[in-house]
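2 protein chains.
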Amino acid sequence: MAEHTIKAFDDEIDRLRGLIAEMGGRAEAAIENAMLALQRQDLALAAEVVEGDKRIDAIEAEVEKLVIEVIALRAPMANDLRDVIAALKIVSVIERIGDYAKNIAKRVPLIATNKRLLEPMSLLPSMGQVAAEMVHDVLNAYAARDPDLAQAVVDRDAVVDDFYNSVFRTLVTFMVENPKTISECAQLLFVAKHIERIGDHATNVAEMVYYAATGQTMPERERGGTDAQAEI
Amino acid sequence: MAEHTIKAFDDEIDRLRGLIAEMGGRAEAAIENAMLALQRQDLALAAEVVEGDKRIDAIEAEVEKLVIEVIALRAPMANDLRDVIAALKIVSVIERIGDYAKNIAKRVPLIATNKRLLEPMSLLPSMGQVAAEMVHDVLNAYAARDPDLAQAVVDRDAVVDDFYNSVFRTLVTFMVENPKTISECAQLLFVAKHIERIGDHATNVAEMVYYAATGQTMPERERGGTDAQAEI
Chain A
1 MAEHTIKAFD DEIDRLRGLI AEMGGRAEAA IENAMLALQR QDLALAAEVV EGDKRIDAIE
61 AEVEKLVIEV IALRAPMAND LRDVIAALKI VSVIERIGDY AKNIAKRVPL IATNKRLLEP
121 MSLLPSMGQV AAEMVHDVLN AYAARDPDLA QAVVDRDAVV DDFYNSVFRT LVTFMVENPK
181 TISECAQLLF VAKHIERIGD HATNVAEMVY YAATGQTMPE RERGGTDAQA EI
Chain B
1 MAEHTIKAFD DEIDRLRGLI AEMGGRAEAA IENAMLALQR QDLALAAEVV EGDKRIDAIE
61 AEVEKLVIEV IALRAPMAND LRDVIAALKI VSVIERIGDY AKNIAKRVPL IATNKRLLEP
121 MSLLPSMGQV AAEMVHDVLN AYAARDPDLA QAVVDRDAVV DDFYNSVFRT LVTFMVENPK
181 TISECAQLLF VAKHIERIGD HATNVAEMVY YAATGQTMPE RERGGTDAQA EI
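If you're matching them up, the sequences are chains A and B in order. Position 71 of the first sequence, counting from 1, maps to 71 under full-length UniProt numbering, and the rest follow consecutively. Position 155 of the second sequence, counting from 1, maps to 155 under full-length UniProt numbering, and the rest follow consecutively.
It is worth saying that the hints were derived from the structure and are not from the lab. Just so you know, even glycine gets a beta-carbon here, dropped at the ideal spot from N, CA and C. Each hint should be verified, as a subset may be incorrect.
Which bits of chain B does chain A cover? Going by a derived footprint, with three or more residues having C-beta under 8 Å, they are [as the list claims (entries may be wrong)]: (1) 28-39; (2) 54-68.
Simulated DEER-style distance windows between Cβ atoms [what the hints assert, rightly or not]: (3) B/Lys65 x A/Ile6: 25 to 33 Å; (4) A/Gln39 x B/Arg40: 58 to 66 Å; (5) A/Leu118 x B/Gly215: 48 to 56 Å; (6) A/Asp42 x B/Gln39: 53 to 61 Å; (7) A/Gly25 x B/Arg40: 29 to 37 Å; (8) B/Gly18 x A/Ala61: 22 to 30 Å; (9) B/Ala152 x A/Arg145: 55 to 63 Å; (10) A/Ala143 x B/Thr173: 20 to 28 Å; (11) A/Thr217 x B/Leu118: 21 to 29 Å; (12) B/Leu110 x A/Pro179: 45 to 53 Å; (13) A/Asp11 x B/Gly215: 49 to 57 Å; (14) A/Ser122 x B/Lys65: 41 to 49 Å.
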């Protein structure tokens with residue numbers, strides 16, 4: 001490629017990476033705000049998270065458009081092409097993470113987190129925090145092409161799975177003892193599941209980052225998930 | 001492009017479409033078998049569905065590889081490039097549908113569908129049937145580039161959402177009245193949610209097919225889902 005073409009290609013790749021960073025930052029904030037809205041029963045904040053998901057979706061569409069342009073105009077070769085296609089996959093996963101945050105936010109009005117729900121609620125904020133950090137770190141790993149950081153994200157997924165198992169058991173026990181809260185607890189069960197899925201998706205991105213950086217698939221991870229619960 | 005190049009490109013597109021059809025057929029069968037395994041408490045069939053998901057994942061990887069090859073070797077122009085990129089998106093959605101079927105199958109051993117669960121179980125088979133049909137039809141719509149069939153798939157999503165709302169309410173009521181079944185009913189809640197998500201994903205593919213066939217986004221659909229439940 002002529003030098004100016006290479007320069008244009010690099011600029012487009014930078015723009016692609018910038019969009020992915022912005023999208024990831026928004027998804028991370030969405031998780032944090034959805035959990036805050038849930039804890040504080042803040043319906044306005046929850047509505048903001050739901051509304052904000054449109055921007056995340058719009059960035060995904062922008063990335064797709066840019067990827068098609070880059071391929072059509074620059075005809076990138078082997079490795080570059082693979083990178084550009086990987087960007088498509090990564091934004092589709094971030095879009096799903098954003099969706100889970102939105103879905104948590106949508107459940108807020110259905111869950112009156114009054115005192116009676118203190119016990120089943122207790123683990124959720126920390127669980128959400130770990131998942132949000134995984135999303136944060138995996139985007140740094142992507143930006144820096146850092147396989148060690150990607151590995152650390154994957155390792156942390158076991159923590160989220162353990163949280164999920166605890167929350168599941170706590171909720172079931174609580175429902176048995178407090179049948180009047182079953183409908184709200186069912187919503188909390190979905191919240192816990194959404195957070196667990198966010199951890200899974202961050203893990204998927206981390207595996208892609210690791211592969212892109214090292215050319216190798218990540219060594220089989222030792223998960224907390226021999227427990228069937230953690231995987232479904 | 002020289003004629004033989006066009007021929008090679010067409011062959012590759014045919015292979016791509018063949019792989020997508022196979023993948024979709026497997027996903028549809030996975031839904032049906034997972035639901036059958038659940039109804040009959042057939043652990044062997046459930047294990048088969050879980051195992052079979054690997055083949056679905058493998059086809060996705062094959063499609064990705066083929067797409068990169070096609071782009072690198074044939075440098076397809078505007079519309080063809082968009083089609084090829086759309087194939088990537090479609091297989092990623094089918095992969096998710098396969099995952100949901102697998103997740104239903106994984107729950108089978110956790111749910112002893114004995115007589116006491118007859119009531120909350122009653123709607124699930126029909127719900128699963130509608131979702132499997134949506135997957136079936138959307139793949140036909142994709143193969144035939146048929147916008148009307150795609151529209152019909154989207155319309156049917158309201159049926160799945162209505163089923164979900166009924167199942168949710170039935171399960172919550174049942175749990176209140178039968179606290180001993182709460183743990184199993186929580187699993188059934190997730191099964192219902194997985195089926196509802198399968199309907200959503202079939203709808204997403206239908207919207208892509210409609211757009212590819214007509215160049216227009218589908219008219220805003222009237223969903224049964226003013227109910228918050230249907231959307232989260």
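Hint by hint, here is what the structure shows:
Under the rule that three or more residues need a Cβ within less than 8 Å of chain A, the assignment of the region 28-39 of chain B is violated, with 0 such residues. Under a criterion of three residues with beta carbons nearer than 8 Å to beta carbons of chain A, the stated coverage of the region 54-68 of chain B is upheld, 3 such residues being counted. The beta-carbon spacing between B/Lys65 and A/Ile6, approximately 26 Å, falls within the hinted interval of 25 to 33 Å. The hinted window of 58 to 66 Å between A/Gln39 and B/Arg40 is violated, with their beta carbons roughly 43 Å apart.
Taking the beta carbon of each, A/Leu118 and B/Gly215 are about 54 Å apart, inside 48 to 56 Å as hinted. For the pair A/Asp42 and B/Gln39, the beta carbons lie near 42 Å from each other, so the given range of 53 to 61 Å is not met. Evaluation of the 29 to 37 Å hint for A/Gly25 and B/Arg40 yields a failure: the beta carbon distance comes to about 48 Å. The hinted window of 22 to 30 Å between B/Gly18 and A/Ala61 holds, with their beta carbons roughly 29 Å apart.
Separated by about 45 Å at the C-beta atoms, B/Ala152 and A/Arg145 break the suggested range of 55 to 63 Å. For the pair A/Ala143 and B/Thr173, the supplied restraint of 20 to 28 Å is violated, since their beta-carbon distance comes to about 49 Å. Roughly 45 Å separates the CB atoms of A/Thr217 and B/Leu118, a value that falls outside the hinted 21 to 29 Å. Look at B/Leu110 against A/Pro179: about 21 Å separates their beta carbons, and that is not inside 45 to 53 Å.
The given range of 49 to 57 Å is broken by A/Asp11 and B/Gly215, whose C-beta atoms sit roughly 30 Å from each other. Separation of A/Ser122 from B/Lys65 is about 46 Å and conforms to the stated range, judged on CB atoms against 41 to 49 Å.
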